[in-house]
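Listed below are the residues making up each chain.
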Amino acid sequence: MSEVQQLKAKDFKSDQEVRWCPGCGDYSILSGIQNTMADLGIPRENFVVVSGIGCSSRFPYYMATYGMHGIHGRANAIATGVKVANPDLSVWVITGDGDGLSIGGNHMIHSLRRNVDLKIVLFNNEIYGLTKGQYSPTTPEGTRTKTSPYGSLDHPFNPIQLALGAGATFVARTMDVNPKHMKAVLKEAALHKGAAFVEVWQNCVIFNDGAYKDWTEKAVRDERTVNLVAGEKMIFGKDKDKGLRTDGCHIEICSAEDASVWDPTVASPGPAFLMSQLDNDPDMPRPMGVLRSVSKPTLDEQVWDQINDVKGKKGEGSLKDLLYTPDVWEVK
Amino acid sequence: MSSEELIRQDDVTIRFAGDSGDGMQLTGTQFTATTAQVGNDLATFPDFPAEIRAPAGTRAGVSGFQIHFSSRDIYTPGDDPSVLVAMNPAALITNYKDLKPGGIILVNTGAFTEADLKKAELDSNPLTDGTLAGYRVVEEDINQRTMEALADMDLSKKDKLRCKNFYTLGMVYWLYSRPLEPTLNWLKEKFKNKPELAEANIRALKAGYNHGELLRLFQGHYEVPKVEDAPKGTYRNIMGNQALAIGLVAGAKLAGLKAFLGSYPITPATDILQHMALLKNYDVVTCQMEDEIAGICTAIGASFAGRLGMTTTSGPGLALKTEAAGLAVITELPLVIVDVQRGGPSTGLPTKVEQSDLMQALFGRNGEAPIPVVACATPSDAFECAVEACRIAVQYMTPVLLLSDNYIANGAEPWLLPDIDSLEPFPVEFTTDPEGFSPYKRDEKLARNWAKPGTPGLEHRIGGLEKDAVTGNVSYDPENHQKMTEIRQAKIMGIRESIPTPAVHGPESGDLLVVAWGSTMGATRAAVERLQKEGASIAHLHLRHIWPLPKGLDDIFRNYKRIVVPEMNMGQLARLLQGEYPDARFEKFNKVMGKPFRARELKAHFAEILEEK
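Taken in order, these protein sequences are the chains called A and B. Going by this note's numbering, the letters in the first sequence line up with residues 196 to 527, in that order. Going by this note's numbering, the letters in the second sequence line up with residues 295 to 907, in that order.
The hints are simulated quantities; they were obtained by calculation from the structure and are not laboratory data. Wrong hints could be hidden among the right ones.
[To be verified] Derived coverage of chain A by chain B (criterion: at least 3 residues anywhere in the stretch with Cβ under 8 Å from a Cβ of chain B; other residues may be distant):
#1 251-258
#2 495-505
[Unchecked claim] Straight-line distance between alpha carbons at most 20 Å, and here's what the computed EDC-like set of lysine to aspartate or glutamate pairs gives:
#3 A/K515 - B/D713
#4 B/K526 - A/D522
#5 B/K552 - A/D522
#6 A/K527 - B/D367
#7 B/K735 - A/D210
#8 A/K508 - B/E483
#9 B/K413 - B/D435
#10 B/K526 - A/E525
#11 B/K484 - A/D522
#12 B/K552 - A/D516
#13 A/K527 - B/D713
#14 A/K515 - B/D715
#15 B/K552 - A/E496
#16 B/K552 - A/D210
#17 A/K527 - B/E522
#18 A/K515 - B/E678
#19 B/K520 - A/D522
#20 B/K486 - A/D516
#21 B/K520 - A/E525
#22 B/K452 - B/E442
#23 B/K777 - B/D713
#24 A/K435 - A/D453
#25 A/K509 - B/E483
#26 A/K527 - B/D523
#27 A/K515 - A/E525
#28 B/K451 - B/E493
#29 B/K482 - A/D516
#30 B/K552 - A/D504
#31 A/K515 - B/E718
#32 B/K412 - B/D446
#33 B/K552 - A/D453
Glycine residues also receive a C-beta, built at the ideal position from the N, C-alpha and C atoms.
Use the sequences and the hints to build the structure in full.
And the structure:
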């Protein structure tokens, strides 16, 4: 391709009717991703969207890119195959809290640890939607669902902590009801070279409506969340008058001017872990934005570097070389 | 040359048996490599425990390696060894009964202390209590001899003792007049960076060889002349897993694609992954994934991206790959799934042989999910079958199940290498033209077209949901599902047009037809040929393609009075054949002991049937 055509969000819309429930948070994520892709300067044919099973996983059918709707939990593994097979492609994984953290938890942590250059968007609605309302690995303890009529007993995962623990090189969080923030975060994820994990708080209007409303509704959002931006002070509040201050071990609320500067690029995942702990404190704002962004070699590029390295040393193997090794003998 | 008598033998079977830590597999493979280069035909059967190191000296820890070599064409690793090398009491007591009457037993008496006997659960010493009456027992303190040979070397006692397998190998080389050079060269290469270990093993090998001659332990020694009428050409000694790995890489090359293996270690299939990991300069990608499911899923992703995806496993792993195999069926992507069968169910007998995954290969998926099944018979046949599996996968846009087993995987034989020009390419043509494109547009074979990501204008979505036959969009339409199910089935059945009717080995009609598949081939062929020589009306039909079955089998089956199907399972192929050919009657003959059939037991069974007629 000599020149990349300027694409628009609508160029990424397939001709298929979108069949999520009216009011579902998935619509805004679909639009956010289509907008983000249009801005990347990547030809449309180089995008591949891979999903597993669940409401979110219908996503590839609504995209005018290459795509595969896989099987439950395995999107990361399928996508690893696509990306390693052809590193020139921009490969996106669409998954959910059940698909990506329960049945697919193993593939999730291993694709993160290997730093496969995948853009992993995890729609977290804290419920199983497609099977109509059972508790998921992110459902808060005590939640009443169809399979926990007396309250869920499971301790939930914090997706951010799981990704950090797995060694993810890029970890971020955004929400379905803030498209501007979502687009900014998705763009950073797309530009990151390596596995990028983005948790999206997504509202399920039918089975878990309002799960995030205490943090995401316009009236409370500024007070209850803090947007982490690299190189900027951690400031929050309607009037941007509050800040977070940390000594590396503790976080406390302070005035905006005393707030610490956020740096997601430090070698240690410690600060990001510390920030993710805010989720557990009802008096603290929850972190949004980019929690971690560090550079590491990616599996897909290393695989081909190694192949080219071996080819350089041994020469490109032919069929003849493959069969006729030095230990052959002749019968005349 | 020795003054001792040099006796000609045409057919010899030796079994090396020792503790798992004694290096018997290495001794066996070295003897095999040398024997192949001498020009004998051969077949081997390594038999080792699932435990890497069971308690030393116990019966559970005995590891064996049997090699059958000959001046003529042979099919099996031999029924009964004529020589047993026993490195300790446990190895002796668990193996001597298999020996031919009058056979030679070479015993390492250095491992026959009271404690050694106790570990082998022996109350008395079999060397002195009459147990071995009727055999020619050659006693030698191999431990002591090895220590003496290495007396002036600056190595620990432990390191010196570890050379005892090469001392033993030296003795057996002398006994069967084998040259030392191949092993000497191997040792020099292997211990390139540890010259003192190379030197120690070389000395032990030579000492064993010389002592064989000097100490006159044996009453003579033997030569097994090379096969005189062997087909001309270039040969290579090959093990099944290795041949399969090479075949997969060759298959991808013949398709004009790069091989992509997504796998997970599992006995006895791991060697394929290991071998392919070495072949990076053939553009082979190997990904050792986090589990069996990820192994097949990465391979599916790679096929979607335009590579030839492959995954290798054994029975329990195939069970885990089941759902993903169905995804490959419905997305109609090429994929080669290799199952190196072992004893089951569950973990079963991980290091032993069985053919009991046939039904799993054929039917082990949800929904109507037909997958072609190809089965290899011998180590060198594994190469051809791997190429064949790749051909079917890309020509029919389908996953293919390639069955091997533990006996083929670890067995070795000389392989007459094919002429490279004789390997017919089957190049893949990716769709690039957006005009009238639909992902489920099909060719005359019913294979859908393959458009890979990165191709402008052909952006499309595939997935596990049923698709419309025309548009490729998700479809819940009842008629469409019926139609797509029938198309997928018809596509697989159409593979019959591309496979030959197998030739019957023996008379075209007669009293008994033996139908076998997989590694049962060798013992069946040997048994049938022996009976044919005795004048029996018996023929052998080997099936490489298990699904779809080749055309013309009904015409073959009706020409024999009786048909028997020997299998290392409880009758899985027999059941399949009975269902497909209800007019014929298929008798079962089954063995699930973790050991292959012996030609002798098959011959006895076939003879019994022939007598009943």
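* To do: Find the hints from earlier in the document that the structure breaks and name them by number, from lowest to highest.
  => Of the numbered hints, 5, 16, 20, 23, 29, 32 and 33 do not hold.
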